[in-house]
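Residue-level listing of the chains:
2 protein chains.
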Amino acid sequence: MVHYLPRLDRGFSALSDPTRRGILERLGRADASISDLAASFDMTLTGMKKHVQILEEAGLVSTEKIGRVRLCRLGPRRLEDETAWITTYRQKLEARLDGLGEFLERTKGRPS
Amino acid sequence: MVHYLPRLDRGFSALSDPTRRGILERLGRADASISDLAASFDMTLTGMKKHVQILEEAGLVSTEKIGRVRLCRLGPRRLEDETAWITTYRQKLEARLDGLGEFLERTKGRPS
Numbered sequence: 001m002v003h004y005l006p007r008l009d010r011g012f013s014a015l016s017d018p019t020r021r022g023i024l025e026r027l028g029r030a031d032a033s034i035s036d037l038a039a040s041f042d043m044t045l046t047g048m049k050k051h052v053q054i055l056e057e058a059g060l061v062s063t064e065k066i067g068r069v070r071l072c073r074l075g076p077r078r079l080e081d082e083t084a085w086i087t088t089y090r091q092k093l094e095a096r097l098d099g100l101g102e103f104l105e106r107t108k109g110r111p112s
Numbered sequence: 001m002v003h004y005l006p007r008l009d010r011g012f013s014a015l016s017d018p019t020r021r022g023i024l025e026r027l028g029r030a031d032a033s034i035s036d037l038a039a040s041f042d043m044t045l046t047g048m049k050k051h052v053q054i055l056e057e058a059g060l061v062s063t064e065k066i067g068r069v070r071l072c073r074l075g076p077r078r079l080e081d082e083t084a085w086i087t088t089y090r091q092k093l094e095a096r097l098d099g100l101g102e103f104l105e106r107t108k109g110r111p112s
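One line per chain: the protein sequences are A and X, in this order. For the first sequence, my numbering begins at 1 and goes up steadily by one. For the second sequence, my numbering begins at 1 and goes up steadily by one.
Calculated from the structure, these hints are not laboratory results. Heads up, some of the hints might be wrong.
Here are some of the chain A residues that sit facing chain X, going by a computed Cβ distance under 10 Å [said to hold, decoys possible]:
id : residue
1  : Pro18
2  : Ser33
3  : Glu82
4  : Lys92
5  : Leu93
Computed from the model, here is a short list of chain A residues facing chain X with C-beta under 7 Å [as the list claims (entries may be wrong)]:
id : residue
6  : Asp9
7  : Phe12
8  : Ser13
9  : Gly28
10 : Ile54
11 : Thr83
12 : Ile86
Each residue gets a CB set at the ideal place from its N, CA and C atoms; glycine is no exception.
Extracted from the complex, chain A is given alone in its bound form:
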């Protein structure tokens, strides 16, 4: 397993805020400008820009300036690394718990 991956740090950190998770869900339905997002979340433009920047640095959102509007869309990353880490972790954990269960089953009833 990869122990140090700055992208993973930034990814999980980006997900640790409810507004940022909300922005990802919102952009999952349709692209939106920073102003749209600020209005949706009842937030100042400055506040929303900061959240979008954190998501952008984590690679979860990309933005494009079109005229006077900055359009936000999902990607290029789709939480692949975060999914992979959690999946591997849970698989290893289940394997260990299964092993423990089998051990207890085998030793059941044996004189201690």
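Given the coordinates of chain A, assemble chain X onto it according to the supplied hints.
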């Protein structure tokens, strides 16, 4: 989808640090004392205690004082909420991308 869930904030935040992910992986193999963990990660006891406390507050690690040793083990939570959030997010995203693909397929070759 649940937009605000402090437990989810704490869970993702706990995962955003490579040492804390490492601790979870280590405890996934076997329970360990704070001193064991500090030695494994070449860290002071104080530094390790802080990381363990963050994992404990997120419900990912529980500790028990046995004599003079504080033993750490995984649980009670197993990243269920974090897995659920990421899975739902990715499913919705894929559904949207599929829908977009079908739309493009249907409109292909039509005069614009």
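Residue hint threonine 83 (chain A), partner chain X, criterion CB-CB below 7 Å: Interface hint status for threonine 83 (chain A): holds (6 Å vs cutoff 7 Å).
Supplied contact hint for leucine 93 (chain A), tested at 10 Å Cβ to chain X: Hint on leucine 93 (chain A): holds, closest Cβ of chain X at ~5 Å, below 10 Å.
Status of the hint placing serine 33 (chain A) at chain X (closest C-beta pair under 10 Å): 18 Å, violated
Hint validity - serine 13 (chain A) Cβ closer than 7 Å to any chain X Cβ: Interface hint status for serine 13 (chain A): holds (4 Å vs cutoff 7 Å).
Restraint outcome when glutamate 82 (chain A) is required to lie within 10 Å of chain X by C-beta distance: 6 Å, holds
Supplied contact hint for lysine 92 (chain A), tested at 10 Å Cβ to chain X: 5 Å, holds
Interface hint outcome for glycine 28 (chain A) [beta carbon to chain X under 7 Å]: 5 Å, holds
Cut-off 7 Å, beta-carbon criterion: hint that isoleucine 86 (chain A) touches chain X: With a minimum Cβ separation of about 6 Å from chain X (threshold 7 Å), the hint on isoleucine 86 (chain A) holds.
Interface hint outcome for phenylalanine 12 (chain A) [beta carbon to chain X under 7 Å]: 4 Å, holds
Status of the aspartate 9 (chain A) interface restraint (C-beta, 7 Å, chain X): Holds: closest Cβ of chain X sits about 5 Å from aspartate 9 (chain A), inside 7 Å.
Interface hint outcome for proline 18 (chain A) [beta carbon to chain X under 10 Å]: Cβ of proline 18 (chain A) sits 4 Å from chain X, so the hint holds.
Minimum beta-carbon distance criterion (7 Å), isoleucine 54 (chain A) to chain X: 11 Å, violated
The structure fails to meet hints 2 and 10 from the earlier list, while all remaining hints are met.
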